[in-house]
Each structure stands twice: as C-alpha cells, then as structure tokens.
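Asker: Each chain, letter by letter, is given below.
Number of protein chains: 4
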Amino acid sequence: MNSFGNIFRVTTFGESHGAAIGCIIDGVPAGLRIDERFIQSELDKRRPGQNSFATPRKESDTANILSGVFEGKSTGQPIGIVIYNENQKSSDYSDIADLFRPGHADFTYTAKYGFRDYRGGGRSSARETATRVAAGAVAKLMLNEIGIKVGYGLLSVGSIDAKEEDFDFADTSEIFGLDRATEQAMKDEILNAKNSHDSIGGKVLVSIKNAPAGLGAPLYDKLDATLAEAMMGINGVKAVEIGDGCAVSKMRGSENNDLINKDGFVTNHAGGILGGISNGAEIRVTIHFKPTPSIFIPQQTVTTDNKETLLKLKGRHDPCIAARGAVVAGSMAAIVIADALLMGMSSTISNLKKVWTK
Amino acid sequence: MNSFGNIFRVTTFGESHGAAIGCIIDGVPAGLRIDERFIQSELDKRRPGQNSFATPRKESDTANILSGVFEGKSTGQPIGIVIYNENQKSSDYSDIADLFRPGHADFTYTAKYGFRDYRGGGRSSARETATRVAAGAVAKLMLNEIGIKVGYGLLSVGSIDAKEEDFDFADTSEIFGLDRATEQAMKDEILNAKNSHDSIGGKVLVSIKNAPAGLGAPLYDKLDATLAEAMMGINGVKAVEIGDGCAVSKMRGSENNDLINKDGFVTNHAGGILGGISNGAEIRVTIHFKPTPSIFIPQQTVTTDNKETLLKLKGRHDPCIAARGAVVAGSMAAIVIADALLMGMSSTISNLKKVWTK
Amino acid sequence: MNSFGNIFRVTTFGESHGAAIGCIIDGVPAGLRIDERFIQSELDKRRPGQNSFATPRKESDTANILSGVFEGKSTGQPIGIVIYNENQKSSDYSDIADLFRPGHADFTYTAKYGFRDYRGGGRSSARETATRVAAGAVAKLMLNEIGIKVGYGLLSVGSIDAKEEDFDFADTSEIFGLDRATEQAMKDEILNAKNSHDSIGGKVLVSIKNAPAGLGAPLYDKLDATLAEAMMGINGVKAVEIGDGCAVSKMRGSENNDLINKDGFVTNHAGGILGGISNGAEIRVTIHFKPTPSIFIPQQTVTTDNKETLLKLKGRHDPCIAARGAVVAGSMAAIVIADALLMGMSSTISNLKKVWTK
Amino acid sequence: MNSFGNIFRVTTFGESHGAAIGCIIDGVPAGLRIDERFIQSELDKRRPGQNSFATPRKESDTANILSGVFEGKSTGQPIGIVIYNENQKSSDYSDIADLFRPGHADFTYTAKYGFRDYRGGGRSSARETATRVAAGAVAKLMLNEIGIKVGYGLLSVGSIDAKEEDFDFADTSEIFGLDRATEQAMKDEILNAKNSHDSIGGKVLVSIKNAPAGLGAPLYDKLDATLAEAMMGINGVKAVEIGDGCAVSKMRGSENNDLINKDGFVTNHAGGILGGISNGAEIRVTIHFKPTPSIFIPQQTVTTDNKETLLKLKGRHDPCIAARGAVVAGSMAAIVIADALLMGMSSTISNLKKVWTK
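Chains as they are written, first to last, in numbering that gives the first Met the number 0: chain A, 0 to 357; chain B, 0 to 357; chain C, 0 to 357; chain D, 0 to 357.
There are no misleading hints in this set.
Identical copies look the same in the list; a pair holds intra-copy or inter-copy alike.
Pairs of lysine-lysine residues, derived as DSS-like cross-links and limited to a Cα-Cα distance of at most 27 Å, are as follows: (1) 353 x 72; (2) 249 x 44; (3) 249 x 311; (4) 353 x 148; (5) 357 x 261; (6) 162 x 249; (7) 249 x 313; (8) 44 x 208; (9) 306 x 357; (10) 72 x 306; (11) 44 x 148; (12) 357 x 148; (13) 72 x 357; (14) 261 x 311; (15) 313 x 261; (16) 208 x 72; (17) 208 x 357; (18) 313 x 193; (19) 311 x 193; (20) 261 x 306; (21) 208 x 306.
Derived from the structure by calculation, the hints contain no laboratory data.
Working from the sequences, and respecting the hints, build out all of it.
Answerer: Below you can see the structure in the form of structure tokens.
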C-alpha cells in the first residue's frame with residue numbers, strides 16, 4: 000500500500016519514467032499558512048543534477064499544488080501535489096529490460112507482480128522520494144507552528160566520520176555533511192568511489208529538537224517504532240538506530256539509564272524516547288544507507304529467463320545515495336512527528352474538553 | 000493504538016498487575032489446525048521464573064482460547080485469548096508510585112496521560128509480550144502450512160559474541176544462546192551483571208527461512224520497514240538491522256551487491272529483502288536490546304512533583320531482557336510474515352482468478 | 000475484520016456458544032471516570048431472559064473489566080472486557096448442523112469459510128452485540144463529559160407506529176417503545192407474531208442531542224456514512240435513514256432545505272448533518288430491522304450437501320429483534336460520535352496550539 | 000480522511016474551482032488490462048453539460064493517467080489520475096462567500112474548519128465524484144475479469160416511479176431512467192421542478208449480478224454495511240436500503256425469509272446478502288437522493304456573522320442530482336465489490352496454499 004501516517008497521512012503515486020509523480024497529503028489541520036516557496040526550497044535540496052556528487056539527471060522538480068489551499072492557507076481538505084517528470088531517457092533502460100540488476104528490486108518486483116516497469120526502476124526509483132520531501136515540507140510548516148525543528152546530515156561516508164554535528168552547516172553543504180572539518184574528505188570519498196565506477200554507503204543523523212514530551216504511544220505506535228518504519232522504508236536504508244542504538248547491547252544498565260534531576264534528563268542515551276513516547280529531550284535517529292546498487296563495474300546476473308549474463312550498466316546515478324537521502328530522512332521524520340502531534344491530541348479527557356467545550 | 004498488522008491483525012490489552020492480559024487475533028484464515036499445545040509451548044519459552052537468568056516472578060502463563068476455534072480448526076473468526084495474571088505483588092511498587100524510574104516509561108506516560116498505573120510498570124511492562132508470543136504461535140502454525148521456519152537466538156550479550164548460528168541449540172538453551180561454545184560465557188556475563196546489582200544488554204538474530212520471493216510491498220509497506228517497526232516496538236530495542244545492517248554504510252556497491260547466477264543469489268548481504276520485497280533468500284534481522292533499566296544500584300531521579308531523590312529499587316527483574324526478548328522477536332517476525340503472506344495474495348489478477356473462478 | 004472506529008476503536012471476539020465474548024476498547028482518553036455500575040446497567044438493558052418479548056435464554060451478561068482502568072479512571076490504555084457465556088445449550092443446535100436456516104448466515108459463512116461453527120449461529124449470533132453495548136457504555140461516559148445525550152427507541156413494530164417520541168419512557172419500556180400510548184399495541188403485535196410461531200420486524204429511532212457542530216468529515220468519513228455503516232452492521236438491519244430519509248426522494252428543494260435564521264436552523268429535515276458534518280441540530284437516524292429469521296413455522300431449505308429438506312426449528316429466540324436491537328443501535332451511535340469527537344480534535348491549527356502549547 | 004477501501008483503496012483530492020481534481024487508486028492487482036477508452040466512457044456518462052437535465056457547466060472531464068500502467072496493463076503500483084478543471088467561474092460565487100446556503104455544507108465546513116473555500120462549494124461540490132467514477136471504472140475492469148456486472152438507474156423521480164428495471168435502457172437514457180415507459184414522465188418531473196426554479200429528489204437502484212457467494216465479512220466489514228457507508232457517502236444521499244429495505248420492518252419472518260431449494264434461493268428479499276456476506280443472488284441496493292439544495296427561489300439564511308439575509312442564488316446547477324448520482328452510485332458499488340473480492344482472497348487456508356504453493 001502506498002500511504003503513510005494515521006491522521007497526517009501521505010499517499011503517493013508515480014514512477015521514475017512515467018508522466019508524473021505526486022502525492023495527496025491528508026489530515027493537515029485547517030488554517031496553516033502554506034508557504035509554497037518553502038516547499039519548493041525543500042524540493043530544491045533533494046533535486047538531482049546540481050553537483051558532481053549526485054546523478055546528472057536534470058529535473059526542475061516543481062511542486063504543483065492542485066488542491067487543499069485557499070487564499071494561502073490549508074483548508075483541512077487533502078492537498079494534492081503533482082511533480083511532472085521532465086528528463087526521462089527511457090532508452091537508457093531498454094537494455095536492462097530483460098535482466099535483473101544486482102542490488103535492485105528488479106528480481107523481487109517480477110516475483111511479486113509477474114512483470115515489471117523497467118524504465119528507470121519504475122516505482123522503485125528514488126525519484127518517488129521527491130513526493131516525500133514535498134509532504135515533509137508541509138509537515139515542517141506545521142511543526143514550525145509549535146517550535147519543533149528537524150535537523151539532518153551525513154554522519155559518515157565510507158570510512159570518513161563527522162566529528163561535529165552542525166546542522167546549519169549541513170544545510171549549506173552540497174552533500175549535507177555535518178562537520179565542516181571533514182566535509183571535503185567525505186566529498187573525496189564519494190568521488191573516489193565514483194571514479195572507480197563504484198559507489199559508497201553512508202550514515203545519516205536525524206535530530207528533532209523541541210518536541211514536547213508525550214508524543215507516541217505505549218506499545219504498537221511507539222514513536223521509535225514508527226520512526227524505524229519510516230526510515231527503513233527509505234530506499235537503500237538497511238539499519239536504524241535510536242539514541243545510542245547498537246551500542247546499547249554492549250552496555251550495562253548503570254551506563255545506559257539516563258538519570259534525572261530537577262532540570263530534566265542528565266544524559267540522552269535514550270535518544271529522546273522512553274517506552275515509545277518522547278521525553279522532551281532531543282530525538283536522535285541514525286540510519287545506514289547502503290551504497291548505490293547502480294555501479295558501472297560489470298556484474299554477474301541472470302536474464303528474466305534465468306540465463307547467466309554480465310550487466311554493463313549505463314545511465315546516470317548517484318555515487319552515494321546517503322547524501323540526498325539525508326534530505327528524505329529529515330522529511331520522513333517531520334511527517335512522523337506531525338502525525339504524532341495530531342494523534343496525541345486525544346490522549347486525555349482534559350484535552351478533549353479544551354477543544355470541544357465552548 | 001494497540002493493534003499490529005493489516006489482515007493478520009493482533010490487538011492486545013492488559014497491564015502487568017491488572018487482572019489479565021490478552022489479545023484478539025483477527026484475519027486467521029479458516030481451516031487452520033489450532034494446536035493448543037504448541038501455543039502453550041511457545042508461551043512456556045518466554046515464561047519467567049524458570050531459571051536464574053530471568054526474573055523469579057512465577058506465572059503459569061496459561062493461554063485461554065475463548066473464541067475462533069471450532070472442532071480444533073480456526074473458523075475465520077477472531078481468536079480471543081486471555082492470560083490471567085497470577086503472581087502480582089503490587090506492594091512491591093508502592094514506593095515507586097511517586098517517582099520516575101530512570102530508563103523507564105514512568106516519566107513519559109505521565110507526560111502523555113497526566114498520571115500512570117505504576118503497578119509493575121502497568122502497560123509498559125514486558126509482561127504484555129506474552130500476548131505477542133501467543134499470537135506469534137498462531138502465525139507460526141500458519142507459516143508451517145507452507146513450510147516457512149522462524150529461528151532466533153542471542154548473538155551477543157555484553158562483550159560475548161556467538162560465533163556460530165545454531166537455531167536448534169538456541170531452542171534448548173535457557174538464554175537462547177546461538178552458539179553452544181559461547182553460551183556459558185554469555186550466562187556468566189549475565190550473572191556478573193546481576194551479581195553487581197546491574198543489568199546487561201544483548202543482541203538477537205531472527206532468521207526466516209523458506210519464505211517465498213514476493214512478500215512485502217514496494218514503498219510504504221516494505222517488508223523490511225514492517226520488520227523494523229515490529230522489532231523496534233519490542234520493549235528495550237534500540238536498533239534494527241536488516242542483512243548486513245550498519246556495516247553497509249562503510250561498503251562499496253561492488254562489495255554490497257549480491258550477484259546472481261542460475262541458482263539464485265550468490266551472497267546475501269541484503270538479508271533476503273530487495274526493494275522492500277523478499278527475494279527468496281534467508282531473511283535476516285538483527286536487533287539490539289538495551290540493558291534492563293531496572294537495576295538495584297541506587298540512581299538519581301526526581302519525584303512526580305520534581306523533587307530530587309534517590310531510587311533504591313526492589314522487586315524482581317530480568318538481568319538481561321535480550322534473552323527472553325529473543326522469543327518475542329521471533330514471534331513478531333512470524334506475525335509480520337503471516338500478514339505479508341495474506342496481503343500478498345492479491346498482488347496479481349492471475350491469483351485473483353485462481354481464488355475466485357470456479 | 001472485527002474492529003470499528005478510528006481512534007475510539009472497538010475490536011470484538013466471541014461466539015454465541017463458545018467460552019466467552021469480549022472486546023478491546025482502544026483510544027479512550029485518559030482520566031475518564033469509568034463507572035462500572037453504569038456499564039453493567041447498559042448491559043442489563045440488552046440482556047435476554049427478562050420478559051416475554053425476548054428470548055428466554057438467561058445470561059447474567061456480567062462485564063469483567065480486565066485492563067485500562069486504574070483507581071476508577073481510564074489510563075489511556077486499551078480496556079479489555081470479557082463476558083462469559085453461561086447458558087449454552089449446544090444440543091439445541093445439533094440438528095441444524097447439517098442444513099442452512101433460511102434468513103440466516105449459515106449458507107454464506109459456509110460459502111466463505113468452507114465450514115461453520117453452527118452452535119447458536121456462532122459469530123453471527125446477536126449475542127456478540129453485548130460487547131457493543133459495553134463499548135457503547137464507555138463511549139456514553141465520554142459523551143457525558145461534554146453533555147451529549149443519546150436517546151433511542153421503537154418507532155414501529157409491524158403495523159403499529161409510535162406517534163410520540165418519549166426517550167425517557169422508552170428507557171423504562173420492556174420493548175423500548177417510544178410512545179406510552181401505543182406501547183401496549185406494539186407488545187400485542189409482538190406476541191401475536193410469537194403466538195403464530197412467527198416473528199415481526201420493527202423500526203428504531205436513534206437521536207443524538209447536544210452534539211456540537213463540526214463532527215464528521217467532508218467526503219469519506221462523513222458522519223452520516225459512518226452512522227449508516229454502524230447501523231447497517233447491526234444484525235438484521237436492512238435500511239438506514241438520516242433525517243427525513245427515504246422521504247427526500249419525493250421532495251422538492253424548497254421543501255427539503257432547512258432555512259436558517261439568527262437562532263439556527265428553522266427545520267431539521269437534514270437530521271442534523273449537512274455535507275457529512277454535524278450542524279448542531281439533533282442528529283436523527285432511523286433504522287429498519289427485519290423480522291427474526293428464526294421462526295417455528297416449518298421452512299423449506301437444503302442440507303449442506305444440497306438435499307432439499309424441511310427445517311423445524313427449536314431453541315429460544317426473540318420474536319422481534321428490533322426491541323433489544325434498539326439498545327444496540329444507541330450504543331453504536333455513541334461509539335460513532337465518540338470517535339468523531341476524537342478525530343475532530345485535529346481539524347484546525349488553532350486546536351493544535353490549544354493542546355500542545357504550554 | 001479522504002480514502003475509501005481496504006486493499007482496493009481510493010484516495011481523492013480536489014475542489015470544484017481549484018486547478019484539478021484527482022485520485023490515487025491503490026491495490027489494483029498487476030496484470031489488469033487498463034482500457035483507457037472505457038475509463039473515459041464512464042466519465043463521459045457522469046459529465047455535466049450534455050443535456051437540459053444537468054447543469055450546463057461544461058467540462059471535458061478528461062482522465063489523465065499518470066502512473067501505475069505499463070504497456071497497457073496495471074503494474075500493481077498506485078494508479079494516479081488527474082482531471083483538470085476547465086470551466087471555473089469563481090465570480091459566480093463571490094456573492095455567497097459571506098453567507099450560508101441552506102441545504103449546503105457551508106455552515107458545517109465553517110464550523111469545523113473556521114473558514115471555507117466558498118468557490119463552487121469547494122470540496123463539497125459533486126465535482127469530486129468524477130474521481131469516484133474514474134476509480135469505479137478501474138474496479139469494473141477488474142470485476143469484468145470474473146464476470147461480475149454492475150447495473151444502475153433511476154427508480155423514481157419525485158412522484159414518478161419506474162415499473163420495470165431495464166439496465167440496458169438506463170445506460171442509454173439521458174437521465175438513467177430504468178423504465179422506457181416512464182422515462183419521459185421522469186424527465187417532465189425534472190423539467191417542471193427546474194422551470195419552477197426548484198429541484199427534485201430521486202431514488203436510484205444499484206444491482207450487482209454474478210457476484211460469487213462469500214464476499215464480505217461477518218460483523219464489522221459486512222458487505223451491506225460497507226455498501227451503506229459508500230452510498231451514504233455520496234453527496235445528497237439520505238437513505239440506503241438493501242434488498243427489501245424499509246419494507247422489512249413491517250414484515251413477518253415467514254414473509255421475509257428467503258426459502259432455499261436445490262437451485263438456490265427461491266426469493267431475494269435479502270438483496271443478495273445474509274449475515275453481511277453475499278449469497279450468490281443479485282445484490283440490490285436502493286438509495287434516496289435529496290433534491291438539489293441549490294435552487295433559485297429566494298431563501299432565508301444568515302451571513303457568516305449571523306445576520307439574517309435572503310439568498311438569491313445564481314450559477315449552474317443540476318435540477319435533480321439523482322440522475323447523474325446514479326452513475327456515481329454504480330461506481331461506488333464497483334469499488335466496494337472490488338475491495339471485497341481482494342479482501343476475501345485470504346479467507347481460507349486452502350486459498351492461501353492455492354496462491355503460495357508452487
């Protein structure tokens with residue numbers, strides 16, 4: 000199914016080389032100022048073709064808002080957005096129509112559906128993530144109304160780590176590097192992989208600041224579980240960590256527990272979430288992107304009728320999907336938090352009365 | 000909300016120290032032989048009080064099946080299961096009623112709901128996971144019909160790693176250790192923590208073998224995203240990895256891509272999932288449990304009216320939640336796969352005709 | 000599937016002649032005073048065996064609340080309720096095991112599931128509606144917090160109509176008759192049918208007073224559509240009308256439109272709902288129950304292996320399901336309104352700020 | 000929320016006078032031949048401006064399929080459809096911006112959202128139903144694969160009844176009249192109302208033939224409940240009847256029960272549904288449309304700041320929404336049945352094995 004979220008719910012459509020991609024954003028409360036320039040500026044961050052670290056495929060990625068906004072404000076009705084595909088070169092893909100690209104969804108789509116739209120990966124293309132960024136931008140406008148900020152950036156590329164977390168810098172970096180000091184080394188790591196006709200993985204940090212305590216739910220809509228679902232659902236993500244993440248399995252309770260004093264939590268091993276519910280501290284999510292499966296080194300594979308062959312890929316691809324993936328991760332986080340805010344409104348009778356009693 | 004799954008949908012209720020916990024399992028196809036002894040044997044694996052590695056709290060954890068089964072077979076109607084709580088000692092908790100235990104959900108539940116049921120952690124207690132195991136057992140009976148097997152076990156405890164993956168051995172181990180050779184060292188690691196009035200984290204592997212290719216969905220119900228949600232939703236889990244997981248962020252595409260030959264995938268870095276859909280290879284999920292937050296070393300915290308105090312915990316607790324957590328993880332995986340099987344039936348017109356044309 | 004509602008969501012289980020029936024009520028805001036005597040008093044209204052107008056089957060219908068309540072108040076966690084079946088006489092049903100009763104779900108359950116639990120109709124028995132009444136009682140407690148009242152009663156039985164709508168009287172009537180003047184005639188109509196070994200249909204009115212304007216949603220969760228779904232989902236209901244209902248198809252716009260003046264709507268043809276959203280006027284729903292399909296006149300039917308036979312029914316049955324059905328209808332209406340109140344909280348940014356801004 | 004259906008799920012967006020309306024159709028099985036001419040021909044039936052019985056507003060209502068179809072077949076991915084608005088005359092509405100039209104959603108939208116998009120009724124305009132017809136057309140293509148036929152037409156307009164049910168004739172009638180003999184009288188009834196600056200209600204029959212037994216679910220996704228929800232969710236519908244509908248409340252069991260012989264059900268009072276599940280007989284749904292609320296007779300109302308005023312409407316409106324509403328009703332029925340077919344695939348273990356075992 001192609002929807003995400005409960006009240007703030009995003010439903011998307013579209014393939015890489017079809018006429019258009021798009022989404023319907025449902026559940027946006029009425030009266031939100033919809034700043035179209037902000038939405039476009041978010042899309043521009045993810046937009047390909049802007050530098051040597053991303054695919055040279057050029058798309059204007061213009062968001063056409065078709066509904067749900069009247070005199071600059073959300074009406075409470077679904078916001079329909081269409082982004083037309085402009086720079087399709089379907090011919091690039093004709094020679095992969097009959098084989099399965101390693102690391103791609105070609106084999107599994109065919110297994111599930113009996114055939115596949117092979118043009119540019121069809122629905123499995125990262126192109127679809129533009130609609131997530133558009134929806135995330137609307138979510139951010141909503142978060143902004145109560146002061147919540149979403150930051151994101153590259154924590155590592157291959158063997159190069161960021162030592163600092165500077166979200167403002169990441170915002171200006173072509174690769175969304177979190178650390179001014181190691182950004183160039185990260186870029187070099189990407190270009191090295193690219194020049195070897197290969198690709199490279201990367202790690203992204205998403206940070207949500209100023210979220211109120213009380214977001215999420217105890218057991219089956221845990222905020223961390225929903226974040227994990229959202230992040231693992233981004234193309235190429237293979238691991239999700241909350242707070243100290245993997246490291247906790249090596250810790251003792253006395254190290255891992257965040258003590259509390261009058262001013263709040265003394266440490267933040269938990270990454271801002273306890274028992275599935277936000278505790279008011281910074282929410283921290285780390286995600287691991289695999290290297291782009293599209294590489295130009297010849298690879299062994301089989302045809303759709305199971306004959307062995309060698310794949311020699313052409314086309315235009317990102318050497319490191321983690322970079323632009325960071326933008327998508329920030330957007331998905333915004334959507335998760337927006338939905339949690341709306342779902343959380345009904346948690347107490349006191350809130351119910353606040354809203355419904357004149 | 001307290002439901003999980005789309006068609007195979009489990010809804011649970013119950014607190015640690017209330018009258019009972021239970022679940023409703025909806026969407027079980029009619030005609031499944033419901034082996035009650037198998038369900039009970041699954042519950043017995045998770046049951047506390049059986050050895051020195053788990054809480055000494057004794058519960059028989061008897062599954063009472065109240066509906067949905069007729070003459071030994073599922074009827075297609077919801078299966079209601081109740082497990083009564085037997086060994087409540089609410090008095091153990093009276094002295095924590097007015098403070099927030101570090102690492103627990105006390106603070107966040109209070110933030111969300113205005114107050115909390117403080118008896119044994121209430122809904123946040125791992126006791127609720129017994130219902131997941133009961134539902135998972137029903138899912139396993141269904142998976143069994145088409146030959147799918149779910150294995151699980153401890154990959155590491157603190158600094159001790161399993162070097163082998165022996166799911167049959169894990170099934171007989173008191174701590175579900177995956178490696179006969181390191182199981183004793185794992186036990187020692189747990190007892191060391193326990194004897195220091197502390198606790199220890201651990202890492203669990205879940206393996207699904209013989210799942211057909213084609214399970215899952217392209218973008219918003221990706222099999223890996225749903226597994227991530229399911230696993231991150233288990234108490235104490237802070238990280239989820241699919242296949243090579245975190246390691247992929249340091250890899251190049253030429254290392255990470257699984258090449259394909261006539262016999263299938265040559266390697267399995269992907270952990271059996273490509274583009275959100277199973278590829279027929281073993282599905283591999285690794286999850287990281289934090290150390291039990293309940294420790295007996297005094298800890299700094301605040302009261303519910305924000306006065307600083309020292310928590311000196313009493314009660315009965317697991318020194319390493321990863322051990323019994325492994326059973327829960329296996330159960331949740333079974334539920335995810337059962338739901339994916341049912342959801343996947345409608346993926347092609349050819350299947351539609353197979354079912355509906357006489 | 001066996002759930003109803005979005006946020007205030009009820010999931011039920013249980014068959015007529017199994018061990019128990021029950022439900023899980025999810026989404027109840029924390030802090031609601033849960034008056035168990037009120038819940039029981041609601042169940043007592045629907046309870047069979049109290050007079051000659053209902054089946055003589057005796058059940059105490061005791062609601063056992065197993066979770067979600069602490070110190071008399073809802074905790075925000077799911078409320079699990081179990082009602083044990085006490086007075087099963089499965090032997091009554093052994094002679095219908097191999098045939099399809101006309102007007103019943105025997106044929107269709109077998110068509111869908113391949114076999115059926117034939118004891119007392121299994122899941123299709125109206126017994127399940129006790130869980131709806133329990134959940135409806137919790138909903139009513141919530142509605143009460145903001146002053147909304149649900150009334151219901153019999154508008155007609157066979158050819159006897161109520162001329163007045165006296166919800167207080169209906170509450171005291173054994174058959175929930177709305178009009179003191181015609182109640183005895185309605186009773187006679189029921190007993191006449193019963194004495195002829197037959198049954199009789201009836202019409203029920205549900206009225207919701209003091210609901211705020213703004214409940215519901217424009218197009219796919221219209222309040223009237225959800226009410227229609229809820230009502231048509233009650234056993235034996237074959238028609239649902241909102242406001243003037245069927246009569247509107249014979250009207251002109253100038254008759255049907257409710258004019259508006261400074262004090263509000265001058266008339267209420269619309270039944271309190273315009274464009275799927277409540278307008279602040281009384282919400283009026285009329286529903287039509289078919290006569291009980293279980294009658295004692297011999298009926299032509301076929302066996303499960305399609306041999307023609309004559310059904311001579313035994314057992315205990317209501318001669319007019321509309322009477323006790325009225326209680327169920329009132330309960331379902333309460334659930335619909337409770338859910339609409341919770342869903343409606345997030346309709347504006349102004350509400351969002353009211354709840355989340357300190 | 001703006002979605003309908005579980006697996007075959009339609010999500011729509013768009014207002015009367017915005018840039019476009021559209022929908023995303025999710026869950027269409029892969030491999031369905033998508034006949035675009037058929038989809039367009041369905042839209043053409045509902046299209047306004049074709050005769051004197053509908054609004055003269057002219058729209059080409061061209062369906063632009065943006066995704067989910069490859070080489071003429073559905074791919075299993077969401078089908079995105081956009082229909083551009085062409086003939087907006089927003090100026091027509093400027094003089095109603097500050098008042099509430101009787102019988103319309105103006106008052107309730109404002110109550111819920113704080114303001115409204117007043118252009119042409121915004122989201123509440125029947126214009127949105129074009130997307131339902133597009134989605135219904137795709138559903139019909141799917142139904143066609145297993146031989147299910149949906150018929151519909153006008154049963155009555157004001158005081159004129161159809162005496163026959165001729166679905167083929169209705170398909171050729173400008174007003175979808177079911178009876179050639181009374182069609183002209185129905186037309187006259189509409190024109191009489193129109194010429195009096197008034198409008199008129201009508202009754203529509205929807206018939207589904209050749210649906211297999213076994214569609215629907217016992218209690219909370221009853222086929223009749225879902226049909227009721229779907230039909231009551233169409234603009235202007237105030238009552239829904241299944242089979243004999245309202246008449247059953249006056250019947251005895253011996254009249255209403257459909258007896259069964261070797262060849263099936265002898266009568267069809269039930270309208271093809273028993274216990275929420277189809278029984279293989281014709282499924283019959285009757286719905287009642289109110290008269291168009293937009294009339295040209297001056298009406299008393301209030302302004303948005305509650306000053307009394309007289310509404311003198313201008314613009315272009317259908318004198319009888321039941322006529323074009325019949326097309327929408329048929330489309331919604333097709334969507335309901337398509338979803339029930341897909342949901343019903345997983346009802347037995349035997350089906351599960353049929354699909355998943357090689």
